[in-house]
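Dock chain W against the given chain E, drawing on the hints supplied.
In order, the protein sequence lines correspond to chains E and W.
Going by the working numbering, 372 is the number at position 354 of the first sequence; the sequence numbering is gapless.
Going by the working numbering, 353 is the number at position 203 of the second sequence; the sequence numbering is gapless.
These are calculated hints, taken from the structure and not from any lab test.
Honestly, I wouldn't trust all of these hints.
Said to hold, decoys possible - Derived DSS-like pairs (lysine-lysine); straight-line CA-CA distance at most 30 Å:
1) E:K438 / E:K391
2) E:K479 / W:K255
3) E:K475 / W:K255
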Amino acid sequence: MTTQKLPSPSTTARPAPATTKSAAPRIRRDNKQPAWDGGIVHTEKNSPPRVLYYGDDFRLENLPVDTRVIFPRPPMAGLPNPDAAIRYALNHPEKSDPLHAKLFPGMKVTIAVDDISLPLPVMEPPDIRQRILTIVLQMLADYGVTDIEIIIATAFHRRMKDWEVRHMVGEKIFNEYWPDRLYNHDSESEELDVIGTTEKNEIVELPRRVIEGDLLIYVNINLVPMDGGNKSVAVGLAGYKALRAHHNPYTMAECHSYMDPKRSSMHDSVDRQGKLVNETIDVFHIETAINNNMYGGALSFLMKREEDFNDMDWMKFKGMMYGLGKMPADARTAVFSRIKAPYEMIGVWAGQTEAVHEKTLERVYQQYAVSVKGQADIAIMGMPFISPYNVHSILNPVLVQVLAQGYMHNLYRGVPLVKKGGTLIISHPAEDRFDAEQHPSYIEFFHRLLPITKDSKVLHKKYEQEFADNPIYKQMYRTGNAYHGVHPFYMWYWGEAGRKHMGRIIVAGAKSQSVCEILGYEPARNLAEAIEMAKDTAPRSPQITMVHAPPILVLDVEDPAIKPLEPSDRTQPFDFQKTNGHTNGHGGEG
Amino acid sequence: MNRACFFDVDGTLTRTSLMSAMGYYLMNQTNPLFSAFRIAKELVRSPQLAVAEVLDRGLFNEKLFMAFAGMSEDRLHVVGDEVVDRVMVPNLFKGARGLIEECRKSNMTPVLISGSLDILVKKLGARLGVFEDDCFGNRLEFLRNVATGRVLPPILAGPAKAALIRRLATERNYDLNQCFAYSDDTADAPMLSVVGHPAAVNPKPRLRAMAQSQRWPIIELG
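Just chain E, with the same shape it has in the complex:
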């Protein structure tokens, strides 16, 4: 694999406000980068309005002069021959024998694949997993391997529906394997066994089939640096005992950030579990990186900067806004559910988990990392229609929270974009909408628990077990298409680091005051009002930054005055063994 060298965008100090008027919109680009460099634009008086996500709708907003707007990098070119690249990776693995060298007739092979949470949105066919599975299954057949099962590594995510699986693996594999030899993982299954505990007492559990098998092949799609690596197996194929070792408010609060695995205590914990997995079973890891080409066809204009919109783009955008404005909410959700992303594979590696992941991360950062100098007092982020947890569904208020404080806040390396105690403005209607099929426990979590307490530790200690044991939620998770009963807790914990860091969160365009109150947010009628509200608690002439995402980016924020938190700054991992393995038994906090 060759490494594609990209220009590294960076910023300069904030420029002075414009003093001259010009007929055409002008942009000033830091470092004089070409038109679309994934860099930074400072708005001027004549800058065009910005397209801001607003759930399953958009807003067109004029930003104050001198607002820093951060754009993602342009999509890297896809591999010209992905199938050849996959074969090359299988035959030239990292720190491992080639796949064919591990195969022998009569062996028991399990293949695990990432679920529907990757990539976002669902990609145009053929899905990368289909490409890899086709090649791997052919190789297994060539070597006389017939005992093969494919597990969709859902962990506590919802089970994928048959038509979603068909789209993911392709017609041929689906017809041959579904549903007996291609199925969703079940974290509540009795066929899940503990393989041991780490030196920090974190339990590791896997499906019996995997433990008793001769080889586990994991097929990954890496959308963000948080994904992949040891997390694929140790989390994707785990049960509650293993997941709660890191999916708890204590560990989540110590992640700085999720997108920077070296500074994430969750990844530390997962790595310890992964080490034990790799010592116990033979894992052949296949990872892929994709570019950020989220929109194609009629929506490709959404990949552009507003400065580069032509008349046709503006016409399409305004037509789309008009159409969406006339639709009921459910119809809008249905329309966005149909979007398929033209993602392309930009790298594929195979072999030993950590060695592979290192290569993947390097490529992922090449695609996503954007250098930013200096933190912001006020950040503006549009909340899109999608998150990993609402594919073909609604972005409910708890998911808005995790998108804002969990994902968008954590899209950084180094230091967070927003200063400690600063303000995040999110653009979203924040309505009281839930999908009762996919998110039944979210409804109770939001309406019953959050009004009682927003404290993650109290929620964890007093209520998590109750939801974990709820037979309705278990049934809906195991046989329906619902997220696990404790999933909303995890989503709340994911927001913990962001919650601790942010001073205020203001929702521009909020339609429901009660939703904002329950989340601890402040409603504003529109972005202008939100910015004025944010200025109340910001320093004079605040630094305002808009993150123009998605497509996804990762901010390399440098601020000489702020020292990034290091692993040594963390507290000790949460030890469940000392509490008899029962979360309710944890005392002394919350």
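Then chain W, alone, in the frame of chain E:
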């Protein structure tokens, strides 16, 4: 405080209805002539039953159970075993046993509350591992071991199921806020409303709409 899961049976745990069991009883009388006579009689009464079902579920049960008039208690038990093994158990929804098992795993008592004959509910309960004391159905009145066709009050339907749950809660120290209830029909809305964790199971359209508006979980047992 203790906790319990209350299950409606027909339509919730099984695909059968009250009519399925009744049909089996009618078709298995002591001789074919009796069967033909009884079935004909019920066909004549069917408009009455249809109206009763629309008006009031309790009234429907009362009218339906009149068909048992003249059957001996022994026969009801013997044929009841067949009804359960040949009609009800084969028609259990795929996830029904799992749902009851999950309830047990969570240290809750599974309780069956049905408008069916108590004889059938207890027999089905035995097949599902539910204790006899936790199975409730409608009780027929017997005179010298022969059913009179009347149902002993209270007729277990609609609000009476909710009343039974409240009574059980008092007697057995159940914390209703922590109890669960499962049903498929709006007739059981009172039973669902009385507990802290109601769920609509394979709901009929009206209950589905109600569950959606009340944000009760909807389970498809398949």
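Structure-based check of all given hints:
Distance restraint check for K438 of chain E and K391 of chain E: the Cα-Cα separation of roughly 16 Å lies within the 30 Å cut-off, and the hinted pair is therefore satisfied. Restraint check for K479 of chain E and K255 of chain W: satisfied, since their Cα atoms lie roughly 20 Å apart, inside the 30 Å limit. Between the alpha carbons of K475 of chain E and K255 of chain W the distance comes to roughly 26 Å, so the proposed pair stays at or under 30 Å and holds.
This entry satisfies every hint, going by the numbered hints stated previously.
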